[in-house]
Amino acid sequence: MTRMLAVPFLILGLTPLQAQTTQAQSTQAQTTQAQTTQALAATAEGTQVADAGVAARSFTEGDKTVSVTAPVRIGDDVTTFSLDNGMDVVVIEDHRAPVVVQMVWYRAGSADELVGQSGVAHFLEHLLFKGTDKLAPGEFSATVAANGGSDNAFTSYDYTAYFQRVAADRLPLMMEMESDRMTNLKLSEGDIVTERNVILEERNQRTENNPGALAREQFMAAQYQNLRYGVPVIGWKHEMEELSLEDALAFYGLNYSPNNAILIVAGDVQPDDVMALAAKYYGVIPPEPDLPPRLRPQEPPQTAPRRITYTDARVSQPYLVRSYLATERNTGDQKTAAALVYLAELLGGSSFTSELGRALQFDTQTAVYTSAGYDPSSLDTSTFALSVVPGTGVSLSEAEAAMDKVVADFMANDIDPAAMDRIRNQMKAREIYALDDVQGRAQRYGAALTQGLTVQDVEAWPQVLQEVTAEDVKAAAAEVFDLNQSVTGWVVADKEQAR
Amino acid sequence: MIRFAMTFCVALAASAANAAIDIQQVTSPGGIEAWLVEDHNIPFTALEIRVRGGAALDEPGKRGATNLMMATLEEGAGDLDAQAFQTAREDLAAGFGFDAGDDMVSISAQMLTDNRDEAVALLRDAIVNPRFDQSAIDRVRQQVLSNIASDAKSPGDIASAAFDKAAFGDHPYGSPLSGTVESVTALTRDDIVTAHDNALVRDRVYVGVVGDITPADLGPLLDDLLGDLPESGPALPPEVEDMLDGGTTVIPFDTPQSVALFGQPGLRRDDPDYMAAYVLNEILGGAGFESRLMNEVREKRGLTYGVSTFLVPKFHADLWMGQVASSNATVAEAIEVIRAEWARIARDGVTQEELDKIKTYLTGAYPLRFDGNAEIASILVGMQVIDLPPEYVENRNEMLAAVTLDDVNRLAATLLQPDRLHFVVVGEPEGLAAAN
Numbered sequence: 001m002t003r004m005l006a007v008p009f010l011i012l013g014l015t016p017l018q019a020q021t022t023q024a025q026s027t028q029a030q031t032t033q034a035q036t037t038q039a040l041a042a043t044a045e046g047t048q049v050a051d052a053g054v055a056a057r058s059f060t061e062g063d064k065t066v067s068v069t070a071p072v073r074i075g076d077d078v079t080t081f082s083l084d085n086g087m088d089v090v091v092i093e094d095h096r097a098p099v100v101v102q103m104v105w106y107r108a109g110s111a112d113e114l115v116g117q118s119g120v121a122h123f124l125e126h127l128l129f130k131g132t133d134k135l136a137p138g139e140f141s142a143t144v145a146a147n148g149g150s151d152n153a154f155t156s157y158d159y160t161a162y163f164q165r166v167a168a169d170r171l172p173l174m175m176e177m178e179s180d181r182m183t184n185l186k187l188s189e190g191d192i193v194t195e196r197n198v199i200l201e202e203r204n205q206r207t208e209n210n211p212g213a214l215a216r217e218q219f220m221a222a223q224y225q226n227l228r229y230g231v232p233v234i235g236w237k238h239e240m241e242e243l244s245l246e247d248a249l250a251f252y253g254l255n256y257s258p259n260n261a262i263l264i265v266a267g268d269v270q271p272d273d274v275m276a277l278a279a280k281y282y283g284v285i286p287p288e289p290d291l292p293p294r295l296r297p298q299e300p301p302q303t304a305p306r307r308i309t310y311t312d313a314r315v316s317q318p319y320l321v322r323s324y325l326a327t328e329r330n331t332g333d334q335k336t337a338a339a340l341v342y343l344a345e346l347l348g349g350s351s352f353t354s355e356l357g358r359a360l361q362f363d364t365q366t367a368v369y370t371s372a373g374y375d376p377s378s379l380d381t382s383t384f385a386l387s388v389v390p391g392t393g394v395s396l397s398e399a400e401a402a403m404d405k406v407v408a409d410f411m412a413n414d415i416d417p418a419a420m421d422r423i424r425n426q427m428k429a430r431e432i433y434a435l436d437d438v439q440g441r442a443q444r445y446g447a448a449l450t451q452g453l454t455v456q457d458v459e460a461w462p463q464v465l466q467e468v469t470a471e472d473v474k475a476a477a478a479e480v481f482d483l484n485q486s487v488t489g490w491v492v493a494d495k496e497q498a499r
Numbered sequence: 001m002i003r004f005a006m007t008f009c010v011a012l013a014a015s016a017a018n019a020a021i022d023i024q025q026v027t028s029p030g031g032i033e034a035w036l037v038e039d040h041n042i043p044f045t046a047l048e049i050r051v052r053g054g055a056a057l058d059e060p061g062k063r064g065a066t067n068l069m070m071a072t073l074e075e076g077a078g079d080l081d082a083q084a085f086q087t088a089r090e091d092l093a094a095g096f097g098f099d100a101g102d103d104m105v106s107i108s109a110q111m112l113t114d115n116r117d118e119a120v121a122l123l124r125d126a127i128v129n130p131r132f133d134q135s136a137i138d139r140v141r142q143q144v145l146s147n148i149a150s151d152a153k154s155p156g157d158i159a160s161a162a163f164d165k166a167a168f169g170d171h172p173y174g175s176p177l178s179g180t181v182e183s184v185t186a187l188t189r190d191d192i193v194t195a196h197d198n199a200l201v202r203d204r205v206y207v208g209v210v211g212d213i214t215p216a217d218l219g220p221l222l223d224d225l226l227g228d229l230p231e232s233g234p235a236l237p238p239e240v241e242d243m244l245d246g247g248t249t250v251i252p253f254d255t256p257q258s259v260a261l262f263g264q265p266g267l268r269r270d271d272p273d274y275m276a277a278y279v280l281n282e283i284l285g286g287a288g289f290e291s292r293l294m295n296e297v298r299e300k301r302g303l304t305y306g307v308s309t310f311l312v313p314k315f316h317a318d319l320w321m322g323q324v325a326s327s328n329a330t331v332a333e334a335i336e337v338i339r340a341e342w343a344r345i346a347r348d349g350v351t352q353e354e355l356d357k358i359k360t361y362l363t364g365a366y367p368l369r370f371d372g373n374a375e376i377a378s379i380l381v382g383m384q385v386i387d388l389p390p391e392y393v394e395n396r397n398e399m400l401a402a403v404t405l406d407d408v409n410r411l412a413a414t415l416l417q418p419d420r421l422h423f424v425v426v427g428e429p430e431g432l433a434a435a436n
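Quick mapping for you: the protein sequence lines, in order, are chains W and C. Heads up: the first sequence is residues 1 to 499, going by the UniProt record's numbering. Heads up: the second sequence is residues 1 to 436, going by the UniProt record's numbering.
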């Protein structure tokens, strides 16, 4: 399927929630892109700078001069710099195969849409394949394909991203086309009508035909009452049907500019070459002077537990989900998020060794499936979710009581040091395995930089994870398990099951 | 839809080509063969094992035994019960995967160089010496039954089961490999042990290895891992006669968007025309290009988010299939367009321009598949399973370039049979009559 919509963090469709807002975040959310760029360059000074001799450089393109900040080298194979129009660039070297991935990430996702226009960020993502002053509709992807590459794009709450995977020597062409559609999109009314039908069919496929996805929407709407994480990325159907050419172009005009974008190039490339190409293709695009601060409506304090029951005859097996508002990774402050990653692993990471798995799937047959999920990556406040699919003859209320007891026991007892060590080792190993997936590495940076983090935060994260203690986990758990900041949802086929 | 994923993998590996990888053929002291690509950049090794046979070896009345057996391999082995086994695996930070397909079972592993010997010892126990504790079987059985219940309410899975029934009848391919509620409920520990003896046998094993390991280390590892498996298994199932006929089957299901699977008889993987068929499929409805069907059904008419076609060369049957999903109000039109395109390409063939474009794309895209140890290991094992030589990786793009317009259009005229194209539609399609 092309033009996939990213729906992060779905484990069997049971862990539905992502992202919300705290006070601490609201200041970060107001940081303008120019400030972010400076912060990126400034905080980089503290890290080991390999190319110490390389200073800021200038490139001349036609009658324009493009300045580039001094590149900063991080770790063995990551280089970062910024163009003077505010565009941040990250280069990840991986010379194992003559392949490159180019990604351009915009700091604009569905949570940045105007009220009443839900789905416009994702709609625009589709429309970016329609054509520009230079390219006919469909020619972008056709050209990538004619060069043996593949391309796609995805939209989430906090970002929209476009990428191509192609032989490394085709990077200049990819940059030429991607920079072109950053500012020169050309759309007709005909494009709008047909593509709107396509996204409505996409909504049918992903959501309307899927009771788990419909339940998830209701969950999010219950959890987030003011922040746009309560609105689905693909949009509410009744608003999608009304999306117009003007709506799409307005979102495009405001958000698609170099000072709101991050270029990530990963693969068989040299940072110097990428710098020259980035200056040539992206550096000449003027910044958007009116780029607004990323102000998002904040949640009011949640002071009461919320409950929903979603009933749909297509549900094959009843299940329950409990989610709590939870803090996310913040720049320079990732410790609580790291502790919550451990908490999710300890409670529901492995069905064999986690607390929920042991108590509900081994010691008793209360559940056929359990999990705990937490996504540390989010611009605004995230959620921490527990889910249980009851076993035969077990009601949802019995399963919920059993789940609550596991959490209470966890809080009352000491954490097994061996379990902490096991998770720590696995986190470390995950970093080694992750080196095998260059596009995955690119995505880490893209997501982080569109969610208020810096390159340094990304590099620091594995070590922050290594340093989590049992006390940190307990403290984070004590904070997160507040029923007044929770939503509990039952998903059932009929009334009978809702007991 | 596990089945589609499986066959799709084979099709992909089948069309593999010019990548700069050095495949070494390793034979262990005990005589087990493997293909190896050494890459010492990252300190881990990816291992992909396939054993021919798969769920098609399920004995009569025991449907679902192979699937349940494979899912229970990770539930304890040797002295370790399920929790002790998984604790040991997590301590080693190794990743193991066990899966059953129609024609093969798969074992995948990722192991750190630091503790590879211990990880291999653990994996070996799971493969050769699984416990199959009754409590573990029962626990996994509940999970399988949960999945079966879920499939029964999923339009895609309902369509898949109905299509397989129409295409394969009483052959094992004709029913879901996870089994039925009745068959899975009735499976005993003895059935699981029998399935293990049948499915994991030495003379049907294929191995692909990529990563931080030398041929000298790999040989003994293979003997440790697989040397104690039984030598041989039961006879493979018979070939399926072409039994699909044209028509439309509608399965009522209360959901807003209809899901359709369609297909007609296909082509054997070892047919000399396979490459031409592969090219033709890419032009008609391939995933990686602006295909005719995507253009007509999605881009021009906005009737779907996705439509695609794919060759399905199974070991004992061959299909040419496709899928589409469209609102109940529009699915009839989508199907009409697909039927028309199927007939048009059979009648008029493709143009030289289309052929040139798809060749450029396919030859350029081929090397991009070889990115990552696990991906390459899968390609290596997939090639062996369908009996391709290592040189195929180097020659594939030349073979693809040699496909002519005449080849493709002759095949389009002879192989594509619009009157035998059968649709299975699940939903509440409007204005679509069932026909046979």
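You may find that some hints are simply not true.
Pairs of lysine-lysine residues, derived as DSS-like cross-links and limited to a Cα-Cα distance of at most 25 Å, are as follows [stated by the list, open to error]:
(1) C:K153 with W:K495
(2) C:K165 with C:K153
(3) W:K186 with C:K153
(4) W:K237 with C:K165
Derived Cβ-Cβ restraints for the label pairs, each shown as a range [what the hints assert, rightly or not]:
(5) W:P98 with C:P390: 53 to 61 Å
(6) C:D117 with W:T183: 52 to 60 Å
(7) W:A434 with C:E241: 46 to 54 Å
(8) C:P220 with W:R499: 57 to 65 Å
(9) C:E241 with W:S397: 47 to 55 Å
(10) C:L236 with W:A470: 36 to 44 Å
(11) W:R499 with C:E231: 51 to 59 Å
(12) W:D409 with C:A149: 37 to 45 Å
(13) W:I432 with C:L236: 51 to 59 Å
(14) W:N413 with C:D22: 47 to 55 Å
(15) W:D482 with C:G247: 42 to 50 Å
(16) W:I432 with C:E59: 40 to 48 Å
(17) C:E182 with W:T469: 49 to 57 Å
Hints were generated in silico from the structure; no laboratory data involved. Computed from a predicted model, the values in this text were never measured in an experiment. Ideal placement from N, C-alpha and C gives every residue a C-beta, glycine not left out.
For each hint, the structure was consulted:
1. C:K153 with W:K495: Holds: C:K153 and W:K495 sit about 18 Å apart, inside 25 Å.
2. C:K165 with C:K153: Holds. C:K165 to C:K153 sits at ~17 Å (cutoff 25 Å).
3. W:K186 with C:K153: Violated, at roughly 43 Å.
4. W:K237 with C:K165: Roughly 36 Å between the alpha carbons, so the hint for W:K237 and C:K165 is violated.
5. W:P98 with C:P390: 53 to 61 Å: Violated: the Cβ-Cβ distance is about 20 Å, outside 53 to 61 Å.
6. C:D117 with W:T183: 52 to 60 Å: holds (57 Å)
7. W:A434 with C:E241: 46 to 54 Å: holds (48 Å)
8. C:P220 with W:R499: 57 to 65 Å: Check passed, 58 Å falls within 57 to 65 Å.
9. C:E241 with W:S397: 47 to 55 Å: holds (54 Å)
10. C:L236 with W:A470: 36 to 44 Å: violated (54 Å)
11. W:R499 with C:E231: 51 to 59 Å: holds (55 Å)
12. W:D409 with C:A149: 37 to 45 Å: With Cβ atoms ~30 Å apart, the hint is violated.
13. W:I432 with C:L236: 51 to 59 Å: At roughly 39 Å between Cβ atoms, C:L236 and W:I432 fall outside 51 to 59 Å, so the hint is violated.
14. W:N413 with C:D22: 47 to 55 Å: holds (53 Å)
15. W:D482 with C:G247: 42 to 50 Å: Because 59 Å falls outside the window, the suggested range is violated.
16. W:I432 with C:E59: 40 to 48 Å: holds (42 Å)
17. C:E182 with W:T469: 49 to 57 Å: The hint (49 to 57 Å, Cβ to Cβ) holds, given that C:E182 and W:T469 are roughly 51 Å apart.
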